[in-house]
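So the sequence lines, in the order shown, correspond to chains A and B. Oh and the first sequence: position 471 is 602 in our numbering, straight run, nothing missing. Oh and the second sequence: position 334 is 465 in our numbering, straight run, nothing missing.
Hints listed in this document are in silico derivations from the structure and should not be mistaken for laboratory results. Mixed in with the good hints there might be a few duds.
A pair holds if it fits inside one copy or across any two, identical chains being indistinguishable in the list.
Said to hold, decoys possible - No farther apart than 20 Å at their CA atoms in a straight line, the calculated lysine to aspartate or glutamate pairs in the DMTMM-like style are these:
#1 526 x 569
#2 137 x 632
#3 200 x 384
#4 610 x 598
#5 623 x 490
#6 200 x 307
#7 343 x 222
#8 491 x 549
#9 330 x 502
#10 626 x 490
#11 200 x 232
#12 421 x 216
#13 560 x 133
#14 477 x 632
#15 626 x 301
#16 370 x 233
#17 421 x 217
The lines below spell out each chain.
Protein chains: 2
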Amino acid sequence: MDIPEKIRSSLYLYNSLSRKKELFEPLKPPFVGLYVCGPTVYGDPHLGHARAAVTFDVICRYLRVLGYKVRYVRNITDVGHLEHEETEQGEDKILKKARLEELEPMEIAQRYTQSYHRGMDALNCVRPDIEPSASGHIIEQIELVKKILRNNLAYEVNGNVYFDLKAYSETENYGELSGKVLDDLKSGSRDTAGMDDKKNPHDFALWKRADKGHIMRWNSPWGEGYPGWHIECTAMSIKYLGQQFDIHGGGLDLQFPHHEAEIAQCKGAHGNAPVKYWMHNNMITIDGAKMSKSAGNFINLEELFNGEHQLLDQGYSPMVVRFLILQSHYRSKIDFSAEALQAASKGFSRLLTSVQMLDKLPDGEAATETETDREIEELCNRCFEVMNDDFNTAKALAALFELSSKINSIYHGHLSSDQFSGRVFPMMKETVRLFVFEILGLKSETETEAGNKIPELIALLISIRKEARERKDFATSDKIRDELQKMGIQLKDGKEGTDFELDS
Amino acid sequence: MDIPEKIRSSLYLYNSLSRKKELFEPLKPPFVGLYVCGPTVYGDPHLGHARAAVTFDVICRYLRVLGYKVRYVRNITDVGHLEHEETEQGEDKILKKARLEELEPMEIAQRYTQSYHRGMDALNCVRPDIEPSASGHIIEQIELVKKILRNNLAYEVNGNVYFDLKAYSETENYGELSGKVLDDLKSGSRDTAGMDDKKNPHDFALWKRADKGHIMRWNSPWGEGYPGWHIECTAMSIKYLGQQFDIHGGGLDLQFPHHEAEIAQCKGAHGNAPVKYWMHNNMITIDGAKMSKSAGNFINLEELFNGEHQLLDQGYSPMVVRFLILQSHYRSKIDFSAEALQAASKGFSRLLTSVQMLDKLPDGEAATETETDREIEELCNRCFEVMNDDFNTAKALAALFELSSKINSIYHGHLSSDQFSGRVFPMMKETVRLFVFEILGLKSETETEAGNKIPELIALLISIRKEARERKDFATSDKIRDELQKMGIQLKDGKEGTDFELDS
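So here's chain A without its partners, still in its complex pose (with noise of 0.2 Å):
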C-alpha cells in the first residue's frame, strides 16, 4: 500500500526525554536506526519481556509501512547485570544462574537467549536486524571506556573504573531523562559508606574489577574485569547505529539509571547526546499487583500459553496475548487478569471473523456517495490518525472495530445494499488487513489449531459409516473407507468399535 506523504510526515510520538509529542524527523530519512534494550539472558522470558518486544515491534513494523529503513538492533545482556541494580552490588545475574544450575554462564546465556527467541517469535515479533551481545563487545566498551577516562569523566580505583557525576554535572544534567534530582550530587555531600571506592554514592561503574572465581573476565588496561551493565549499551548502540540516531526504546524501569547513564556515557565520551527521541513502555500488573517471584504472580510466556500456572484456568494463545497488549497504548499500564485475557480472546476472534468477511461482502447499489460510504472512508483515516498519534494502537484498534461492525451489517444484510456504493471497500479492505497483520503483527491462528481437528473429523466418518452399515447403505460406507483410505487413513474395526490410523 502506498502510504501518502501527509501521513508519513505528520508522525508523532512522545519524547521521554522532552516529556511532549514531537513531530517525527529522522536525522537521515528515509534511514531510522531504531535500538531497543533486549533481554538479560538467565530465566525464561515473561509478561515484562512481550510487552517490551511487541509495543517496539508494532513502532519498527509501523515506521516500514510508512516507507522508513529501519535498522532495528536490541541486545542480549549476557554479563555484567548484578543483582542489585541501584548498588551496583550481588553476584552477576548470569553467574549466578549458572552456579545454581552447575552450568557454564555461556550455557545459561544460550539457554535463555533461545528460550527469549521461542517466546518473541510466538507472539509474531519480527526479530531484530543486528542482536549484539554484551560479552561480544567487550573491547568496544573498553575503548569507550578509555574516551570518557581521557575526558576526566571517570576515575580508577583498585582496578574498577567509575563514572564521574561530580564533574559531569559541572556542565550537564544528569536525570534530564528521568526527571530524578541527585541532591548530593549538587551539594557535593561524600556519604559513601559500603560504596566501595566510589567518590559519590551515585557513580555508576563503567568497568569493574573481577575477583577470584569470578569467571567472566577480561584481560583490560584496568586488570582483569567486566564491564559495568550500563556501558554495553552505548557502546554497542554507537558500533551498529552511529553516534547519534533516532530511536532509544526500553521498558520505563530502564529510564533510571540505565538510560539516564546511556546519556551520560555517550556525553562523556563523545560531547553529543546520542538519542533524538527516548521511548517507553509501561508496566505490567498482574490482577492489579506487580508481577514478583515472591508474589506468586510470576507468569513467564510458556506458562501463560499452555495454562500451567496457578493463576490460570487454562492458555492463552500468543495472538490473544499480543492483542491484550496492543489494546492499551504503551504508555498506560497494562493489568493482566483471566477476565481480561478471555474477553481478548472473544475480541480478537470478533477481529478475525470481520477480516474473513472482506471478500464476500456484496455488491453496493446506491448510486452516489452514502453517508456509509463515507463512515468507511473516515475510520480507515482514523487507523493512520491515531497511529500518529504516538503510535495509539488501543485506538487503531477502537477503529477496527468500528469497521467490524461496518463489515458485520453489510454481510449479514443489515445494511441493505442501497445503503453503500462500496466504491470504498478495495480502500477498506487494504486498510484492515494491512493493519491487522502487518502493522499489529496479528495472524489467524486457525491452521496450527485446525491441526486438532483431524481426529473429531474422522470420529464424525466414522460415525456415518456405522449407521449405514446399520441400515446396509454399503455404497456409503465403502465410499467413506477407501476415500480415507486414498488420504493415508485406515480404518481398523474392531471389538469395542472402529480406530484409525494415519500412514506415516
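Put chain B on the given structure of chain A with help from the hints.
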C-alpha cells in the same frame, strides 16, 4: 533406558590424527567436551552444512544416551574468513556479502545465522550448548596471539601477525593431522612471491591489519585489524572446553589448513595438543559431481525442502534428508540424487510404519525361547555394536530394517504366534524407539502433514452430505452440518456447490 557398562565402555571411534579406530576414553569422565566447526554465515545453509550438523548431532546424542555429560560447542564464523582460503587473500566473506546486499556486516551475520538455525532445527539437530561467535571473542584471540608471539612462534610485519611454521617445525610436525608434507618448510625455501609479508608461503595469519575502508576492525597491540580465520576456533574451544578436550569435529575440507593450524596454535601457545580425538565427516556430491555454484548443482536446504530447484521434481521433507544422510557412514561420501531421495523417502516411511506397529503386536505363544526371539535379541544388540564401531549409522539402520521385517511379519501374522515367546518384545520396543527417535533423531512428520488433510476430510463429508440429501436422508445430512458446526466448521451452500469456512 539404562545402558550396560559393557556397551558404554566399548565405544571405538576413528581418530583422524592416529588414522585408526581407538577406544573412546574421555579425559574427565563422565564429562565430554565436543567442539564442532560451525558455519561461516554469509549464505543460506546447504547440504554440506546439513551433513556436518547431522553427523555430530548423532554423535552427541549417542554419547548422551551412553550416559556422558556432553558440553557441545559449535561456533559461528562472522569475521576473518577470507575468500581465498589457501592464500589468505581476497575479501572477508561476510564483508563482501554485506557490500553486495548493501547491509552492515552484522546484519548479514544475523540473517544467515537465523537461516542456519531454521535449517538445522528442521533437520531436528539439537542446538549446541554454547554457540560462540568469532567477533564476540576478539580479546580472547588477541591474548592467544600474544602468547604465541611470546613463544617466538609468530612474527609481526606491518600490523599483520603470522604463525612462523619454520620455527614451529623445528620441534613439531606441521602436517601431522592432514598428512601433508610441506617440502618448502623442510628445505627452508622462501618463495614468497605475492605472499605479502610472509616469511614462508604456508605461514598463516593470526591477525590481519585492517586496510582503510575495512569496516570490521578492532584495536589491538598491532594496530587496528581483525583476527585470522583459524585463531577463533582455538580461542573459543580453549575458553569453553579447556586447553585439552575430547572431540573436535568438522568436515573433511577443514582438515587442512584449518584444523592443522588449530593444533599448531594451541601447541604454540600452551605447548600441548588441544584435542584427543579428531573426527571428520566426508563430503557430499550431487549426481556424482562436486557441489558448486558455477556447476548449477548447488542446492540449499530451503530449495531441497520445497523442491524449487531445476534438479528437483519435488521437495523432500527434512526427515527424508536426514534419513538419507544417516544411510551412509559419516566417513563415506554421499551422492545426492532424486533417485536416492525417493528411495530414502520410502525407506523412512517403511521404518516409521513398523515403529507404529510396536504397540499392536500379538502375544507370543511359544513356551520357550525360539529362533525368532534370539534373532530379535541379536538385532537389538547389534544396533549398539555397530554404533560402538565408529558411529556406524548405516549399519544401525540396516539392523533396524531387519527388526522392522520381524515386526511386520509378526504384526501381519506371517510368523505364527507359536514361533515366538514375546519375552524380548519390551527390549525390542525400547531399543527401536531409542534408536529411531533419540539416537538417530528421526521423528514422525505426520502431525504437520496431517494438517493438509483437513480440506480433504471436509470435502468427503460434503460429498456424503450431498448424496444423503439427494436420497432425502436428512438425518444424515443434518448431522454432518451440525457436527461440523460444533467443531467451528461452517458449511456454506451456494450455486456452485457447498463450500466451508473455519471459525477463527
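Structure-based check of each hint:
no. : hint      : verdict
1   : 526 x 569 : within (17 Å within a copy, 50 Å between copies)
2   : 137 x 632 : neither (59 Å within a copy, 39 Å between copies)
3   : 200 x 384 : neither (29 Å within a copy, 39 Å between copies)
4   : 610 x 598 : both (13 Å within a copy, 11 Å between copies)
5   : 623 x 490 : between (41 Å within a copy, 14 Å between copies)
6   : 200 x 307 : neither (30 Å within a copy, 52 Å between copies)
7   : 343 x 222 : within (13 Å within a copy, 42 Å between copies)
8   : 491 x 549 : within (17 Å within a copy, 65 Å between copies)
9   : 330 x 502 : neither (70 Å within a copy, 85 Å between copies)
10  : 626 x 490 : between (48 Å within a copy, 17 Å between copies)
11  : 200 x 232 : between (42 Å within a copy, 14 Å between copies)
12  : 421 x 216 : within (18 Å within a copy, 56 Å between copies)
13  : 560 x 133 : within (14 Å within a copy, 60 Å between copies)
14  : 477 x 632 : between (35 Å within a copy, 18 Å between copies)
15  : 626 x 301 : neither (89 Å within a copy, 81 Å between copies)
16  : 370 x 233 : between (34 Å within a copy, 17 Å between copies)
17  : 421 x 217 : within (19 Å within a copy, 60 Å between copies)
The earlier numbered hints that this structure contradicts are 2, 3, 6, 9 and 15.
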